[in-house]
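J.: As they're listed, the protein sequences go chains A and B.
Start counting at 1 in the first sequence, then tack on 795, and there's your number in the numbering used here.
Anchor point for the second sequence: position 147 equals 128 in the numbering used here, and the numbering is continuous, going up by one each time.
Derived by calculation from the structure, the hints in this document are not laboratory data.
Everything numeric in this text was worked out from a predicted model, so none of it was measured.
Heads up, some of the hints might be wrong.
From the derived model, a few chain A residues whose C-beta atoms are all more than 10 Å from chain B [claimed, not checked]:
| id | residue |
| --- | --- |
| 1 | Leu852 |
| 2 | Ile856 |
| 3 | Ile901 |
| 4 | Val988 |
| 5 | Val1033 |
| 6 | Arg1062 |
| 7 | Arg1108 |
With the C-beta cut set under 8 Å, the calculated list includes, among others, these residues of chain A facing chain B [stated by the list, open to error]:
| id | residue |
| --- | --- |
| 8 | Ala1013 |
| 9 | Pro1053 |
| 10 | Thr1054 |
| 11 | Gln1101 |
| 12 | Gly1105 |
Built from N, CA and C at the ideal position, the CB exists for glycine as well.
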Amino acid sequence: MTLLDIKGLTIDIARDTGPARVVDGIDLAVMEGESLGIVGESGCGKSLTMLSLVGLLPNRIRATGGQALFGGRDLLKLSAKELRKVRGSEIGFIFQDPMTSLNPVIRIGDQIAEALIYQKGLTRAQAKDRAVELLALVGIPAPEERANAWPHELSGGMRQRVMIAMGLAGNPKLLIADEPTTALDVTIQAQIVDLVRELKDRLKMSVVWITHDLALIAGLADRIAVLYAGTVVEDAPVDAIFDRPTHPYTRALLGSLPTLAGAAMERLPSIAGTPPEPGRRPPGCPFAPRCAFALPSCREAVPKLQSVPGNARHKVACPVMLEANV
Amino acid sequence: MTALLEIRGLAKRYDIRLGAFGEKQAVVRALDDFSVDVVEGETLSLVGESGCGKSTTGFAILNLQRPSAGSVRYKGQDIAGLDEDAMRPFRRDLQIVFQDPYSTLNPRMTIGEALAEPIRFHGLAPKGEVPARVARLLEDVGMTPRFANRYPHELSGGQRQRVAIARALACQPRFIVCDEAISALDVSVQAQILNLLLDLQEKYGLTYLFIAHDLAVVRHISDRVGVMYLGRLAELAPSQALFAEPLHPYTRALLSAVPEPNPRAPRNRQRLVGEVPSPLNPPTGCRFHPRCPLARDICKTTVPDWREVVPSHHVACHAVTGPGRTNWEGPA
């Protein structure tokens, strides 16, 4: 069953010189109980796509086209009041930096309780109890005591656990995790990743994991969508992405990734150039100027996602690679 | 192998005041007893988690923060604790590149002015030749000379990091500390900058101290790697040996926490419980003992010696005696 179905989403930044397109016609679906990884570099539109669903886009950035069907409604058409209901109770969010997301002058138990009182109509006492339960659920030791702690008294890893508890407070069907471990050390990252994976199974949620880290997502996602310059260039089950990466960008990204396994090479293969700025997208395929396989035709029309022969779930926006069948 | 820098017993302590009115005094031991010879032409990497003292080490070596104890011998002279005037002739040779070039480049200076400044300051070229020198620096880091007229905000993150490297190169240094120099960059750009650093090392015979938290990156570019935990070196070995056969229990845990880009990689790896303790109040004995799967009583009381258990492979651990060998049987 499809839980979320994004079709033809476009997002523009209002600039003095006119609108600049940052998300350019994204199609993306999330199934029930699925863990979807959205991978891409800074500015590819991975965070904006997800923020647009719950009306959290920054000033001057607006969803200008497409639809996002969730529970029979188009999220892009909901009023601010309706979206407030969706946020937290149906779609939970975890962000990168828990210190800036937590209110420094409210005890963490009260911050979690606030959402429960507001969203679920619990009494203050009920909400407090539930907050302690949630803190226990995310593996915070001595949750009754920690509920009275201030955010600054917790370590980065513990603060991120609190954020996860808040994200889960409304029993959402979909949890969107936007680079939640980027600011954490690798041993703490491993703990948080284990936690989210376990909670997803236990609470039967869908999780969308937004990241720039291909290695991290390999152990987390059922399916991966690779974004480049505001478009989905490849969308496939996780095994297919790593075993048979097909889009030249996906291949180059995997090729330039240093790893702990295999031979240590001195020089890493790199991708020349940089991604295009919003508003300065080249015509045709946005990756064409950096692509080693580009043909003149690539610079004419924006390629559409098409299935790889023999695997309908593996979709690639590159006619050159599909035709070459490599 | 000649040592470019001989570092002995380097330490950095910060005296701080706690409490709402600063009534309590405390000491943060950010770096303790750091001794290494940095070999000419090598890339020596320091890895470890936040607060392990790896950046402090870089600052203390360059005397950007005056070390509390220890010596750094360069060209026969101990530069640790020299004042700014006495330090100036050494500054040229010993440079640093930071993580965030946006905060280190003056936003009101063009790239050309930013690169000309160190050349003028150290009197490295006659006035008329400065623009040509700037152009060559830009070419060295893979940029066209026309960037000299641009401002930092007009550049991408990767281009700004190239400028920061060019600025370090302007003084024709022998040693560069790269303090998380590629950590803020996207994967595709990160590989470009790493390759640039390697090219420049070959061209100019540079020696790097590469400070990073990304172990996969470190594995690819280092000759030797030091692993730090709470202000102390835990292990130091040639890169190949360290990644093939990590000896210290902390190194082993750290490596097993690094995600692999392989969906079928085993998931039930060794997990460290708990978090890094505060350097304000570090554990007694071996600082890793509260989280160590091998810890015994001696680890709680006695700081382990720095021992060479395999040629050029050093470990600070009571338990480890060699590859796959410990002083005691099985996990505690």
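J.: The structure should be examined with respect to each hint, and the outcome stated for every one.
T.: These are the hints, each one checked on the structure:
1. Every CB of chain B lies more than 10 Å from the CB of Leu852 (chain A), the least distance being 22 Å, so the non-interface label holds.
2. For Ile856 (chain A), the non-interface assignment is confirmed: its Cβ lies about 20 Å from the closest Cβ of chain B, beyond the 10 Å cut-off.
3. Annotated as non-interface, Ile901 (chain A) keeps its C-beta farther than 10 Å from every C-beta of chain B; the closest such distance is 19 Å.
4. Once the 10 Å rule is applied to beta carbons, Val988 (chain A) is inconsistent with being away from chain B; the minimum gap is 8 Å.
5. The beta carbon of Val1033 (chain A) is not kept farther than 10 Å from every beta carbon of chain B, the shortest such distance being approximately 5 Å.
6. Some Cβ of chain B comes within 10 Å of the Cβ of Arg1062 (chain A); the nearest lies about 5 Å off, and the non-interface call is violated.
7. Against chain B, the non-interface label of Arg1108 (chain A) holds: every CB pair exceeds 10 Å, the least being about 15 Å.
8. A cut of 8 Å between beta carbons decides the hint on Ala1013 (chain A): the least distance to chain B is about 5 Å, and the hint holds.
9. At its closest, the beta carbon of Pro1053 (chain A) sits 4 Å from a beta carbon of chain B; the interface hint therefore holds under the 8 Å criterion.
10. For the restraint placing Thr1054 (chain A) at the interface with chain B, the shortest Cβ-Cβ distance is roughly 5 Å, inside the 8 Å limit, so the hint holds.
11. Interface restraint check for Gln1101 (chain A): the shortest CB-CB distance to chain B comes to about 23 Å, outside 8 Å, so the restraint is violated.
12. With 8 Å as the threshold, the beta carbon of Gly1105 (chain A) stays out of range of chain B, its nearest partner Cβ sitting at about 19 Å, so the hint is violated.
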